[in-house]
Amino acid sequence: MIEVRNLTRIFGPIRAVDDISFQVGKGDVLGFLGPNGAGKTTTMKMISCFLEPTSGTATVCGFDILKSPMEIKKRIGYLSENAPAYAEMTVSAFLKFVADAREFKGEEKKKAIQRVIELCALESVYHQTIDTLSKGYMRRLGLAQALIHDPEVLILDEPTDGLDPNQKYEIRNLINKMAPRKCIILSTHILEEVEAVCTRAIIISRGKILADGTPEELKKQSREHNALLIRFQSSMEDPVMEKLEQIPEVEKVEILEPGKSFKLYPERGKNIIESFGVYARRQNWELEEVGREEGRLDEVFRTITQ
Amino acid sequence: MNGFISVLKREFKGYFTTPVAYVFLVIFLFLAGYATFEPGRGNFFLARQAYLRPFFANLPALFIFLIPAVAMRLWAEERRSGTIEVLLTLPLTVTQAVLGKFFAAWLFLAVGLFLTCPIIFTVSYLGDPDWGLIITGYLGSILMAGSYLSIGIFCSALTKNQVVGFILAVVACSVLVAAGSPPALDFLSRWVPGFFVDIFESLSFMNHFDSIQKGVLEFKDLLFYISIMCGWLIATVVLLQNRKAA
Chain A
349 MIEVRNLTRI
359 FGPIRAVDDI
369 SFQVGKGDVL
379 GFLGPNGAGK
389 TTTMKMISCF
399 LEPTSGTATV
409 CGFDILKSPM
419 EIKKRIGYLS
429 ENAPAYAEMT
439 VSAFLKFVAD
449 AREFKGEEKK
459 KAIQRVIELC
469 ALESVYHQTI
479 DTLSKGYMRR
489 LGLAQALIHD
499 PEVLILDEPT
509 DGLDPNQKYE
519 IRNLINKMAP
529 RKCIILSTHI
539 LEEVEAVCTR
549 AIIISRGKIL
559 ADGTPEELKK
569 QSREHNALLI
579 RFQSSMEDPV
589 MEKLEQIPEV
599 EKVEILEPGK
609 SFKLYPERGK
619 NIIESFGVYA
629 RRQNWELEEV
639 GREEGRLDEV
649 FRTITQ
Chain B
3 MNGFISVLKR
13 EFKGYFTTPV
23 AYVFLVIFLF
33 LAGYATFEPG
43 RGNFFLARQA
53 YLRPFFANLP
63 ALFIFLIPAV
73 AMRLWAEERR
83 SGTIEVLLTL
93 PLTVTQAVLG
103 KFFAAWLFLA
113 VGLFLTCPII
123 FTVSYLGDPD
133 WGLIITGYLG
143 SILMAGSYLS
153 IGIFCSALTK
163 NQVVGFILAV
173 VACSVLVAAG
183 SPPALDFLSR
193 WVPGFFVDIF
203 ESLSFMNHFD
213 SIQKGVLEFK
223 DLLFYISIMC
233 GWLIATVVLL
243 QNRKAA
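Those protein sequence lines, which keep their order, are chains A and B. To convert a position in the first sequence, counted from 1, into my numbering, add 348. To convert a position in the second sequence, counted from 1, into my numbering, add 2.
Be aware that a few hints might be false.
No farther apart than 25 Å at their CA atoms in a straight line, the calculated lysine-lysine pairs in the PhoX-like style are these [unchecked claim]:
#, chain 1, residue 1, chain 2, residue 2
1, A, Lys457, B, Lys246
2, A, Lys415, B, Lys246
3, A, Lys525, A, Lys457
4, B, Lys246, A, Lys453
5, B, Lys11, A, Lys458
Rather than coming from a laboratory, the hints here were simulated on the basis of the structure.
Build out the structure end to end from the sequences listed, making use of the hints.
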């Protein structure tokens, strides 16, 4: 539903977005990861037709962002960074304004507003001025504004930034609930969020895409992917370290607790759980715990973007 | 069209949900009334005539400060608070947004001018005014207000800072008001060729306002105000669209 082709955006001397291409389909939740200033927001602004690209283009629902921005704006819901809204208006007036601009009329308008009010749990602040809302409510209002026309495509720039853990959980639930029917792009700094909601993640830095895959695929790039965490029942005699290092395909052993608890890193792409099992039985080791690591996204993120 | 109407409605109501409207109306009505009846310069009573000339004559000067104050928040505030992203990702064009804001503010100024109606009751109580003059006077005022406003909107779109927008608009409006005054023309004629001085003089708000005020509704004066408004509004649209691309 979204197809980005060689999108580039230059601000003066800075190439904010540098020749990036990707596709997102219906049912996908694409997580945009990257350090600050990586070009996430700029890319999202271009897809939402707020900024024009310096070169390259993108299509949304088959419409080109340069040729038919109006058609795209009708089909897209956009929550921009910090979820701005007119401070002097009340929540109800603001949503009515957005519904008006989105060509809702009469009964339909009431229903649309009612729907997002419930969806985003804004009942209690309905008559409050936006000025007086807390950060969590601001985000939810921004989300309500983006969802009012039940868009096919949703672009969310840091939807959970600055929220407390409960609010984050609620927003993620909401995204998960909508995901199968929509095409969603969201940007975030929070890596656990990617695992919680995204079907796919793109890591972007200095305007370029550095990695693109499902969160599982990305985790496989981690050095800790398939590493073994072992813990002996009782403290072992000294040559245990050398013994562990002798196990085939073990690249490195890290001591977590001397004589008792170790972390075994496999050679790249190898799975050492079986060879470790065979070796442990032969040695008659009494193990309290063996755990396999899946790999950590934040580690992948750091190695890729630094 | 829907985009235009919804922006217009939002902006117009916006004046009344903030203190801007009330502060503006009170100050405008006070100053306009005071300048008309003030014994020294506002020679309403001295003239011993039932006409509104002393009232209209003060408007160009009043507008220099008051209209930029009405216009300054229109774009600067949107950019500062980031709501411009919400506005321009709604299915409406930049032109619709600019026109919506312009007409909302213009309508608000028209409300302000309408509220000066007690002055009409005063002259019609005191004597037998020339209604044609009053009507053209108000028409001229509203056109002039629109012209100031279009400049104010452009200046507001130039910056994120309302105060900067305000000052730029005050300066631009003063230049256009002063353009026809003899000292300004005299000063200019020392530096530039004569035809340029003529062009500059023809840009003056005052000259065009004077002739409308005298009851002469000429096509060229209407055209002047309308082209000023169109010119600055088009410039605003171009400015905002350019910012999208650059």
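Hints and how they fare:
For the proposed pair Lys457(A) and Lys246(B), the alpha carbon gap of about 30 Å is over 25 Å, so the pair is violated. In summary, the hint linking Lys415(A) to Lys246(B) is supported, as the alpha carbons are separated by about 14 Å, within the 25 Å threshold. For the proposed pair Lys525(A) and Lys457(A), the alpha carbon gap of about 23 Å is at most 25 Å, so the pair holds. Under the criterion of a C-alpha separation no larger than 25 Å, the hint pairing Lys246(B) with Lys453(A) is inconsistent with the structure, at around 30 Å.
Proposed proximity of Lys11(B) and Lys458(A) is supported: the alpha carbons are some 18 Å apart, at most 25 Å.
Checked against the numbered hints above, the structure violates hints 1 and 4; every other hint is satisfied.
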